[in-house]
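Participant: Here the protein sequences line up with chains A and B, keeping their order.
Okay, so the first sequence: first residue is 1 according to our numbering, each after it adds one.
Okay, so the second sequence: first residue is 1 according to our numbering, each after it adds one.
In short, the hints are calculated from the structure, not lab data.
In this text, a Cβ means the ideal position worked out from N, Cα and C, and glycines have one as well.
Since no wrong hints were added, every one of them can be taken at face value.
Pair by pair, the computed Cβ-Cβ distance ranges are: (1) A:D91 - B:V196: 45 to 51 Å; (2) B:L129 - A:N92: 34 to 40 Å; (3) A:N92 - B:V204: 48 to 54 Å; (4) A:H75 - B:S144: 44 to 50 Å; (5) B:V196 - A:A73: 51 to 57 Å; (6) A:K197 - B:L68: 53 to 59 Å; (7) A:K111 - B:A5: 16 to 22 Å; (8) B:L22 - A:D91: 16 to 22 Å; (9) B:A192 - A:S57: 42 to 48 Å; (10) B:A192 - A:E8: 56 to 62 Å.
Each chain, written out:
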Amino acid sequence: MNSVVRLENVSRHFGKVRAVVDLNLEVAAGEVLGLLGHNGAGKSTTMKMILGVLAPSAGQVQVLGENPRGRAAGHLRLQLGYLPENVSFYDNLSGREVLRYFARLKRIEIKHADHLLERVGLGEAADRRVRTYSKGMRQRLGLAQALLGAPKLLLLDEPTVGLDPIATRDVYDMINELRETGTSVILSSHVLAGVEKHLDRVAILAHGRLQADGTIDALRAQADLPLRIRARTTSLNGQVNERLAGLGLSARAVRADLIEFDAPASRKLEIMRALLADDDVSDVHVDAPSLESLYTHFNRLADAPEDANA
Amino acid sequence: MREIAIVAAKEFRDGLRNRWVLATTLAFAVLAIALAWFGAAAAGQIGFTRISTTIVSLASLAVFLIPLIALMMAYDSIVGEDEKGTLLLLMTYPISRVGLLAGKFLGHAGMLALSTALGFGIAAAVIGLVAEEAAFADLVGPFSLFIASAILLGWAFLALAYLISTITREKARAAGLALLAWFVFVLIYDLALLGVLVGTEGRVDQGLFQVLLLINPTDVFRLVNLTGFEEAAAASGMLSVVAEQGFSVGRLMAILAAWTVLPLALAAALFAARRH
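Make a model of the complete structure from these sequences and hints.
Facilitator: Set out below in structure tokens:
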């Protein structure tokens, strides 16, 4: 198998708390997987099991074909990069000293560490103490640390939390670069806006269970959420409304010259043709369900049976 | 092994950087020189009197100071990394928990040994140069023993600090426990023993009493530095019970060493057995 990460029926309990339940997940080489879920959904626990820091209570974890807690673990760790959530590095050391320390531990030449500092844009601040770094600079340092030794698999736990939009974009630019070199990336996030175009696949966790797993298009098909269509009309909406009523749809008037309605994705073209045939329509806007609405949808599904049981 | 050296080197360098080493070295040197000159002030004399007086008063001071310094130096060694998140990160590196603990301990132990040897060594040199009554040849023996036992005492409390740091999950709690350990070993333990002794009007089994004294590393440290001087033993109160038995210095040093090894081994075992 070519999968870089392979989880088979993996569970992890902490006492009575079931953090991860019967999880099956695979990540291929060069794939960017988004691990989405609320706080406490099991994202960090899953990452820790992949890293070999936590042992699964049941099931099998394989990373690059090896057991991350087995005999090959030491060698395996050299090929993994990890950025934990909320890590604060040694405040009294400079960025360069911090990165060199981790480079030594990972048996990597010092010059690579210095090169990485340049790459994440910390070249100028490298000799300042970490104490003086902004949140974004600390996160860059963390990312440089994760990139030490050109890992084959990168695990980033909430890499963009607390970052401004430009710093966030930089992080995703770097992830895109890595993907092109064949690095697999697993990143968890609950900031969903704008993330979807950077992810090859999405896995949604809720209550430790996998709710959905697939490309965003596949999840859209699976969720079958309606499209939201807006049409701008030049005159009053009456004629357009009639036409839509003929198709069994009813539109809301957002403004005097703007209507909005939901329609199943399967009828998209049919509806578009009808709207375009109307001379009164001056503009049409179609929104596919966003990652956020997919996320909400699958989380609601996860909560529904629990509510019924309660 | 390489990883242990890397961690130890970083810890040691941190100690130099944040001036732990400088501050403790200076404190030891200044206090030792001051005690050498004013140690006999209570007897109406000022100036260097005799080596035995100096060593005995140094030991009384070191027994308070060194445990406190060692505990404060290392109480957050593990729990601090845990709170920062770097412990989790380091666990994904090719280093084991025991390796990390060993490396950090070696770094701290090196710092403490360096400042103890330097601080008291400087004091001995100054006394030898300035005081006419003191010859270098006479100073070397007692001061060497004093420094060696002080280093072992420091290591024992470092090991205790590591134990505290591995069993706690919050820095504040670790700091509290470290202070509590200091109070118990340095102040309360001897007071309690004295209380027992007075309360029973001295009718305590001699053997049991000896064992109780030898359990506390601070008492062992004082014994090491008292047994060398007959006249000092007379001035040492309760400890004379044991001092008269003439325990060999080697045996006492071995007990101090055990006080380093056992808590550290326990800390390593507990740390290695952590689930996450």
